[in-house]
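These protein sequence lines are chains A and B, in that order. Numbered by my numbering, the letters in the first sequence go through residues 14 to 374 in order. Numbered by my numbering, the letters in the second sequence go through residues 14 to 374 in order.
All the pointers check out, no bait thrown in.
Listed next, the stretches of chain A that the computed footprint assigns to chain B, with coverage defined by at least 3 CB atoms under 8 Å from CB atoms of chain B: (1) 144–157; (2) 242–250.
Cβ-Cβ distance ranges computed for the label pairs, FRET-style: (3) N272/A with Q62/B: 41 to 47 Å; (4) Y320/A with K270/B: 23 to 29 Å; (5) Y320/B with T220/A: 46 to 52 Å; (6) D109/B with D25/A: 55 to 61 Å; (7) I263/A with L273/B: 27 to 33 Å; (8) E89/A with F26/B: 52 to 58 Å; (9) E214/A with K266/B: 37 to 43 Å; (10) A218/B with D331/A: 48 to 54 Å; (11) A316/B with Y320/A: 35 to 41 Å; (12) E214/A with V90/B: 20 to 26 Å.
Because the hints were derived from the structure by calculation, they are not lab data. By construction, the Cβ of each residue, glycine as well, lies at the ideal position given by its N, Cα and C atoms.
2 protein chains.
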Amino acid sequence: MIRIAIDCMGGDFGLSVTIPAALSFCERHPDVRLLLAGLPDQIEARLAQARATAAQRERLQIVPASEVVEMDDKVEVALRRKKDSSMRVAAAQVRDGLADACVSAGNTGAWMAISRYVLKTLDGIDRPAIAKAMPNQNGGMTVILDLGANVDCTAEHLLQFAIMGSALVSAVGRRARPSVGLLNIGEEVIKGNDVVKQAAELLRASTLNFHGNVEGNDIFKGTVDVIVCDGFVGNVVLKASEGLAKMLGIFIKEEFKRNLFTLLMGAVATPVLNRFRHRVDPRRYNGASLLGLRGVVIKSHGAADAYAFGWALQDAYDAVASGLLARTTQAVAQLTAGRPAAPSSETDPAPRPAAAHGDFA
Amino acid sequence: MIRIAIDCMGGDFGLSVTIPAALSFCERHPDVRLLLAGLPDQIEARLAQARATAAQRERLQIVPASEVVEMDDKVEVALRRKKDSSMRVAAAQVRDGLADACVSAGNTGAWMAISRYVLKTLDGIDRPAIAKAMPNQNGGMTVILDLGANVDCTAEHLLQFAIMGSALVSAVGRRARPSVGLLNIGEEVIKGNDVVKQAAELLRASTLNFHGNVEGNDIFKGTVDVIVCDGFVGNVVLKASEGLAKMLGIFIKEEFKRNLFTLLMGAVATPVLNRFRHRVDPRRYNGASLLGLRGVVIKSHGAADAYAFGWALQDAYDAVASGLLARTTQAVAQLTAGRPAAPSSETDPAPRPAAAHGDFA
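From just these sequences and the hints, can you work out the full model?
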């Protein structure tokens, strides 16, 4: 039985998306049990509205929460003033061993802060990061992180992201030794800023399969399995990609709607265009992992519909089924032990002696 | 007569691209005179090979250069050891008033450094920036800068980019008061780093039409006319966009090549698909402006073919025809005079007294 806690109140559409998605997910996965965190009356009303069957209800459990983190709540408000929020209750299910993973479509900053506060970070990780698999032209996926949790990163943080991303890809079994690229700029005046240059040195000295610098186009080229960058760059790239894909979709539609002939051509080509649309449907790539925490935490896009939210639940399911957490913890410990001691800016400002790594070995 | 100097040796393909592009550009623009900077014998050979007519030759002038900046030459090598490079000779034509604009498809870092060294920056501008117009879903264009000239920027630099980008858009006549957005990240933990936060304050205090923060997707949504960011972020976004567009193109092709039926559907839809392909053809958007210099300087993509290089020449032509340089100089002076005095980190580490702006008013 795989148990997933859902922040039912999160996201732009809250219960109207999370409840239908939860019911349909239960249908598809007989081995799943869902813990629905949120305002009990509202959840009950939605379940009744969606005509949840007795069989479905048996695999659903409402976990009451009295507060809701709004999409525009500041992190401090979400963390300190809403101690009984559906978000926090969902994360607490994982902490207390009642759920194997938790999922929210709510405010990213709040979800990151709350899940970090409730679950704590893994040994050897200063800062959690947001990772996502993006499709590439080889037909595979490129995992990119960080996508917005950390705007100012040190070289050491980038190394930790590389370790976590590498652990993610090896855990889900696609590669024994995933290749890692450091996102940088190309032929321009100065190749990268100081942090990136230092990170390259740390990566070269690590036991990771470091490919070297990669550029923006390598994300979709599939040059490497994992690409690391700071959260500012990652977030901008992710959103620019969403925007570009949307624009190109609009342009294709416009061309086919130009006149009667083009409409007819479009009608003929519909099966192919639908296949293409399905293949690049961003909803199928919904679901980002908050890595570096002592638990499986998934973030859904805030604007997700029920279909998209189902993919975020699928991410949680796959992570649990592949034993991601145990594997990641182990990989982080191994790789952290294998790399040279480096100062950790956040938890320990002084350089750590190599012996301090003993407990990871 | 519009006079454009071309670095004929630059780019991945050198003369085999620049010479055919130059000849075809001459055909399309009877009011153009081209100055071909490069190794004279090789240029002559290419002109003969391309069967340049006597009429064409009348509007072409070979300007001898004895050296070539290679695509992988370091900036220092290009600048200090190759003082008679085709790049430098091309820029010198503008400096000496013999050409109105110069174009190169060579090494971006070298082209930036050389054109800056030869032409110098405008008053009030510390650092030149690379700007490019990207298509947006409103059917318009969004100018984004910097795209890689400056990886570490201060808030003051971002303000200068905004002034230059704004001047560019108003100069080419599309908007009287172009709206300016500051590229930032959205709902995430910390909204932007310190530099971006400070830049927002400077922009708000300026006389520019500052829209506020924008996110990656706004580039293609057309939310604002100008988007500013540091060169690291801009370069990664530009290249990621190129990569994504390429991947989507490959995916569409693959879907139509799946079997005989889909091939037939593709054949029927060919006119529409070709229109779409033409509309999003990145070669049509080739040509980036190096802004902030005392001359019109255009950078072509290194991998440009003759068709794409023709668009970079067109950029140079349009810039000269619209009086871009005079208008930009004036706009920079006006806007610089209108904003509060701020310390300029590079040319003058101490805060400048407001009176120092007197000569811009």
